Amino acid sequence: MTYAVELRNIAKFYGSHAANENVSLAVETGHIHGIIGENGAGKSTAVKILFGLEKPDQGEIFIFGEKVHWNSSDEAMNKGLGMVHQHFMLCENESALENFLLMREERNFFGMIDRKKELQKAEMLAKKFGFEIPWNEKVKNLSVGVQQRLEILKALSRNSKILILDEPTAVLTPQEINELFAQLRELKKQGLTILIITHKLKEVLSLCDDITVFQKGKITGEFKSDKTNIKELAEKMVGREISFEKRPLHKKNFSNANKIELSNLEIQNQKNKSTLKLKNFNVASGEIVGLAGVEGNGQDLFIHFLNRPENWSAVQGLAKIFGQNWLEKNIREIQNFPISFFPEDRLKWGAVSDFDLTKNFVLGYENKNVFQKKSFLNIPLMDWNLVRQKTLDSIKTDHIDAQSPESPFSSLSGGNQQKLVVARELFHNPQLIIASQPTRGVDVGAIELIHEKLIHLQECGASILLISSEMDELIKLSDRIYVISKNEIVDHLLRNEFDASRIGAAMGGAR
Amino acid sequence: MKNSLIGFFIGLAVALSFTLFAGENPIHIGWILTKSAFGSPYDLGLTLYYTAGLIFTGLSVSVAFKAGLFNIGAEGQLLIGSLCATVAGLLFPNLPFPISVCVATLAAILGGGLWALFPAWLKIYRGSHEVIVTMMMNLIAAGLTSWVILKVIPNPDSQNPESALLSANYIFTNDPIKKILGDSPASWALVIALLCSFLVWYFFEKTKWGYQVQVTGANPFAADRAGQPTKKLQLISFFISGALAGGVALVEILGNSGQFKIGFSPDFGFIGIAVALMARNNPLGLVVSAFLMGALHKGASDLDFETTTITRDFSKIIQGTVILFISVQGYAWFKRKKGSK
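Which chain is which? The protein sequence lines are A and B, in order. Sequential numbering from 1 applies to the first sequence in this note's numbering. Sequential numbering from 1001 applies to the second sequence in this note's numbering.
Simulated from the structure, these hints should not be mistaken for lab results. It is possible that some hints are incorrect.
[As the list claims (entries may be wrong)] Here chain B is said to cover these stretches of chain A; the calculated rule only asks that three of the stretch's residues, wherever they fall, bring their Cβ under 8 Å from a Cβ of chain B: (1) 330-341; (2) 344-357; (3) 372-381.
Fair warning: this is a prediction, and the values are worked out from it, not measured in the lab. Note that beta-carbon positions come from the ideal geometry of N, C-alpha and C, so glycine has one too.
With the sequences and hints as input, model every part of the structure.
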């Protein structure tokens, strides 16, 4: 039999770094094939080569047994490949139909697009696969799930036989993920071959027929999904055993006072007038409290309120943090409290990528006396030697893979960047940690280290607010979980009530 | 810094090879250029006079740049700074020597700084682009200074477009730099320029505020999350930027002519952009690039007198070509920096 896709001995080098080496991969026609691996394991590179976005340095590509050689992804699309990228390639201000037309090249006699005919075709295609899309609605008004369906239709619009999906579940609620998987199975029934890239092990096991594991640019395992399990996949992915359970706690003695205590709180931003209903929300000492929700449902507003209360006013209720009325505080005063923030997007909010590690290690803490020396005239001078020493200490204790404290932040891998940011935020012994997406885009080794640090802080009596869109992470670490949807806290679960489907339903807006 | 001079020298080589079209020997022209830039103490003095002016404008551009803003308006700020120094000098002719100079300097700093503050305020609080506004304000500054010089404080003893002379109290009579360099336009202002580049370097490398300004310039989102007063920092940086441009008043008004001659600036403000770019905004490296650009300006201007074929316009082509090559290299550097994000 012929394979739908076959890669033979593909290699790709960036400088001396091998992104792919000896990659040979065969995808059976009509199967759903999962490609898993950590960030930077080379799975994206392999798929980019397959789709004509990158040129391999070595190796051959076969599509349905025919040897091909791409000069562009356009050629790949003409051979029946379609790809849905992790970040959608949609024009937000245009209608769904217009976005769909981007993929079409048919013109009438006058060189114009026949919109009526194209709309019919789009509707037929959607019907064929059982998708419903409001074709005249602007893309920005569509939900993420519908946007993704539109992307899939775009990818299929040139009579595609092979569909590639890059991290398709990253932005979806559990319910939407189930819907997506049902649709993919339907596409499979109609004879399509599907390649799916992900780092979520449970999902590949439930969806895929075959699984290929990447580690450090090479393929380390190939499995039939009914003959393997999560543990085996994880080990092949990381190269060693990892735990999925929270380890038993050894709590030290501390009082159980609430660090965050919001009672019946509803706040409003004074500038853009957005409101946030936090209701009764508390985080006690020695507790990890999760905040679950699809991104963009008010988590960023909550962080902004904690960080910049001067921009917010109470519509009703009371906000006490460290026992003090938080709404009377401003950022300057907050910097004197033992509170720290893990930024949800470290490159945007938490670091300066051009700067070296030393200079990133004081970001947000440059006002602290430890890092300053006073000169004559009381001009605050930075004690760069001390900062450099502390940076070096962190590099050593946390095994951050960096050449020196003078390396630019951007030269580090995602996991090492995050480890440095975490080290910085924990350096000043915080008692309240707002950990927002603490392990996003981070390899498993760094995830374990960061989780262990959070658990250790919990044992020492610190309070942790864990804001995450990773359900597994929330369920592993949290003692309690609040669910936020559309700027409102909609559900609250104790540890013994944890239930992914209930949380997922609440995230989607159902009560 | 070493590599960043490559653009300058390649540009110079290309520019000199253009002289082939005028029937000249590029090596010969290069020799004349070098000789007229460094040949005698007086020539060197003129080169250093340009150097001092370019250090001030180069620093002005680089301070704004570090705060994430592009100051195209150094030319206008230096004109207003010089005008304020002149007016202050004419208002208080009887102040004793060192105090007189301090007052004029203060006027120059305030003039340049406040002239820069307006576009900065528009940018930071109203969202207008600082490049457009500072450029337009250059034209306003040129018109305004011309009007004040010609109509309010003209030189009664001359038909030239220039202001009245400052009193002798404003002139440093025993300036050692002038003595060494054959009574050339170079002056004590060169020392102040060097001091300023050290101070700017110290500010950015050592102080907390300098660090915060750089964070604001490199990643305003992170600066905001870190609780830095980003708007205030940018506003202050732009004021300092304008004040440094105003420092040209020391070079010309107080250090050289003792009056405001309309058209005295050989585009200090614009060449300053190339100077800052060549030094990658490093305040110390900027001294070297200002010296090179100063020498080029002095040498290229003299080609007009020294040869029959290389006219004034041709010397502009030579300088323009060099700046083009510096910009190309600078652009590549800038892209690489952005690309690493």
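Hints and how they fare:
1. 330-341: Holds, because 5 residues of the region 330-341 of chain A bring their Cβ atoms closer than 8 Å to Cβ atoms of chain B.
2. 344-357: holds (count 9)
3. 372-381: holds (count 4)
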